[in-house]
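The opening residue of the sequence shown carries number 22 in the numbering used here; numbering runs sequentially from there.
Check each hint, because a few of them may be wrong.
What the hints assert, rightly or not - Once the Cα atoms are required to be at most 35 Å apart in a straight line, the calculated DSBU-like pairs of lysine-lysine come out as:
no., residue 1, residue 2
1, K419, K495
2, K1030, K922
3, K277, K316
4, K801, K1243
5, K399, K356
6, K356, K316
7, K708, K633
8, K96, K72
9, K1030, K1158
Said to hold, decoys possible - Label pairs and their calculated CB-CB ranges:
no., residue 1, residue 2, range
10, S95, T1011, 56 to 66 Å
11, E61, Q354, 41 to 51 Å
12, K438, E506, 49 to 59 Å
13, T297, P501, 36 to 46 Å
14, K776, K746, 17 to 27 Å
Just so you know, the hints here were simulated from the structure itself, not pulled from any lab data.
Every residue gets a Cβ at the ideal spot worked out from N, C-alpha and C, and that includes glycine.
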Amino acid sequence: MHVLNICNLKATFIKIIIILLVWFKFFCVTVEAEVWQKGEGFNFRQLNIPKRGQTGFSQVNTNETGVVFANLLSKERYTTNQIYLNGSGVAAGDYDGDGLCDLFFCGLDSENKLYRNLGNWKFEDVTSKAKVRGGNIASTGCVFADVNGNGFLDLVVNSVGQGTWVLLNTGEGVFRAIRPINFRRGGMSMALADIDGDLDLDLYVTNYRTSTIRDEPGTKLKGRNIDGKPVVVSVNGKSLAESNSIGRFTLKENGKIIENGQADALFLNDGKGRFTSVSFTKGSFLNEDGIPFNKPLYDWGLSAMFRDMNQDGRPDLYVCNDFESPDRVWINQGKGVFQAIDRLAIRKSSHFSMGVDFSDINRDGLDDFIVADMLSRKHELRNTQLSNRKPPELYFGKYDDRPQYSYNTVYLNQDNKSYAEIGFYTGLAATEWSWSPVFIDVDLDGFEDFLITTGHPLDMQDMDVTNEGERLKKMRKRSPRELLELRFMFKPLVLRNLAFRNNGNMKFNECSKDWGFNNNGISHGMALADLDNDGDLDIAVNNFNQPASLYRNNSIAPRVTVTLKGVKPNSHGIGARIIVESKNLNQSQEIVCGGRYLSGDEARRTFAAKEKIENIKVIWISGKESNINNVIPNSHYEIHESRSSVEKEITGSATIPLFEDVSHIIEHNHVDQSYDDYSRQSLLPKKLSQEGPGVAWLDWNNDGHNDIAIPSGRGGKIGLYLNDKKGGFEKVEPMSLRKLNTRDQVALLEIDSNKKEFLTLESNYEDGLTIGKSIQKHIKNSSKPISLLDAGEIAYSTFCSADFDGDGDLDIFVGGRCKTGSYPIPVDSLLLENVNGEFKVNKNQQGVLSEIGSVSSAVWTDILGDYLPELVVSCDPGLILIFQNKEGLLSNVTKELGLNKAIGFWNSVSSGDFNGDGRLDLICGNLGGNSEYEIYRDSDLVWHLGDLSGGGINDVFESYYPRDIGELAPIRTYRETLSAIPFLQERFSTYSDYSAATTHQLLGAQSDKLRKINITKLESVVYLNKGDRFEMKDLPPAAQLSPVFGITISDFDGDGYEDVFLAQNFFGTRPSFPRLDAGRGLLLKGLGNGDFRPLSSSESGLDITGDQRGAAFSDYNSDGKVDLLVGQNNGQSKLYKNRNAKRGLIIHLKGLKNNPKAIGSKIQLVSMVKKGPIREIKGGSGYRSQDSAFQVLPLSDPSLNRVRVVWPNGKVFETSISPDSKIIKIEEPSK
């Protein structure tokens, strides 16, 4: 017994020693890691990083943390007020200054909770002690902020109807409430920043509503005409003021009533935490034209974030609004004045805008951002969650209207002036019913990843439940309570939270499960904070009717963290920009306060340190700057504004853009008229009536100077402008051009400048009549055009010319687009052979050109190097087709050359020598990677073409392979499909039935009778010519953000390499398909090896915001620099003068009598040992356009001292040039 007791005591003693050693080791490591070291203007300490871990998160159990808060809401409460279903948030901040980040949770039925961080993932509930319970208050949004400048974090809490509470931190662990502001409003999220430059934090509060008429059945409204306009004047017999309804309702002329939200509130801080409301109507808020508003904006506000969007040192403001309320983007003009962003800076927006976050997602130094909406990732939900919303109303020719669509919009910053919306391109467009979007570098690779919270207590967008509810209402009269309880027919929408990895190329891949951020439930507010001081950011989430979630970040990758110590009263440096510079990567972020959905982060930023950090720069909102060199990885830096230097003003001239907009010289606007394409084909994927115009440079009066010709749509006239030889143009209107067009002119072509004539191609797609003309010749002094080709069943789209048979004259290819009402069933194209000046259909080629597809554009080009031009055709949908020319006989060699697998929506094609190897490569314009089709592209898109219902009407049935189904399923919605196949309602009577149906089940036996196309490629590409094959390569991402139409190729900057201009956008999308408007015209700078560098708008000078189509180049003012002409559908034609290129050599070729422009010739600068890229003179290329026959070749390489010309017949001519040569004229020798 004694021995046993001694053994037990010894064992106990050993255990105690082990525990003490473990404790001592932990304590010593912790203390060592907490030791601060001083630097010049900063302190830093080593971070205590775990030795083991992995990328992602672990949810820490509530039993371990002591954070047992749950945001509870009784069913009874949201039966009568659904506003509460928007949830509540969480705020993170070190309120007691002990170096550990604490957490505050808002509650609806639950009391608020403040948890003090004790370290090691232990928290203490100090709510009562701190006096922040908020009993009997439905709290929504919250944020920690030092509003009185004493260095302690105060607490600001929003509520539904009971005001915004400012709780001042006494510094002793207790908060003192002052009188609430924003009373009787539905306060949601908050953002704070120094908006007026006085260094204290001002407050913006988004307001929703305290209640909604949707929860008040039986409400009686009284309307009256005041000053000729209908308005609501009372609610249930009470005035608008008495019923808290000022601005609440809009009464339309047709009697429809729209309920509005409540006006947001902006409060200026006096520096002591006392806030004064700012009027929306007294000059602090200006519209896009700089005019003050005359009434508040009654929007459904959900969240807002201050951010210096344009990096001018002043915090701008993005406000997310629900429903039809437009999002507001306020650019800070200084001194607390905000102006609405330019109408064209943002082209579209989300419909249900929940939250916003900013990040430099592509690390170009500019802030991009995302706005969260509620598009599902699941096929089933996308087809049932449709509510009763309709597609936005778009007006033909108007494109500054900013339509709303229900998906996450992602905005790519372009030179701090405008944004390209790229949600579909990034892969972030669909994240379910979403709330709080957050960018965070989870894997610490230097690119910020993306997290988002999801779910809703009721799936109130379910169309089947909505329809059933309406049916029940019609059966009998129901009491107000019964009507309210109908909402519980909607099931809870329990969803996973989502995580996405940034791949570094502006694309994100979902990795929620792998990263441990996939909690299934209903989550609202989310805040980032380093809860364990290891340098990576952990997460706190406020869940609905569930315990809150804390996620520990498990990364062990190198990092550097930064907090700021600002000059009081901005003690935490809110609004400062932090830039972390490495050799191959610059990271940047801004310290913001609030701005999350109902939530606020800790004022800390974490940056990857995978490579040596050369410098940390802080640009303070005061204008001062701090710089830290010799940065030690795995360290935390506290940087002090008081030791910063005054930022030196940067002097020096700004970069001169390559082009200058001189469109006013011609003052031309393309005219087109709206047409209802869907009246014939209700499932038509897009409009075909808005495809023009191409543009052309020609020499109408044969004076050796380029003139401009732009075809017109129905209801307009051709625009013809003669070069005045002084850098300007004179509009002329020959007799044959004076009548208004009755059809769309889609292309224009000059064949023989000696004869002062040109050809126009007209489309009978709209009227479908087989009368009239397709091709007409317009002669300078003739009163009537001459017909070259009569209209028929096929609507034509494009034409181009070349001497395909080597007889010395120019022949014409005419591309067939479709038969009226039968797009895209393949149709015939034509070859018009020039026989002694008359054009006749070459019947020998009809077989090879029969049903080749729905042609969008074409070019004759000698890509095989045998001096006879091949025919290259782009089909939409279809392939890029190549027809080899063997002594005037065409044969399809698409497969042999390796172009037979990329089936796409090919709009355009042209050729150029992009790698300088002497062979002509191809460049092809496609739909791009930024359309709604991206959410369906797990595999091929599949189109079934033909008579879908057996009723004799041809249409298109679009399908894809959903991940969650595995079989082919419809892309179009139930309502859209029923418009074409109405009898389907008998078999699939509900939205749910339709969502579960496969394409085969929907089409039935009729599917066997339909043509089928698999769409495999949507990106625009370059095909590099390898001699016996072509190698496909995607164009840079900037070229994929919008459809490419016009393509024109020249050395625009004069550096010796071929560049490419791309005309972008397409506004003729079907109503439910978001408008494709991310492009502003793109110049790709050739690098000489087949690669390209996209030039920004500030570099190129190009800023074309409309529906761009044809494009063509010319040196119209003969200064040796290549200028640019771009057509826009129903918009202004754009003329750009090149002002900053290196001067080149102007080359005029004079061909033989029947080909005076020497179409088909190839020119090249050469020397004895070296050659420049080949340039080919074309008779139509790109997208239905014609470049100038007068060329400019670069003089950047003085060793290239000879011009080599290969004439169309294969003969070669060379002549020497001198470095000071400006223009050279070369005449083709006669036979």
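What are the numbers of the hints that this structure violates, sorted from low to high? 1, 5, 7, 8, 9, 10, 11
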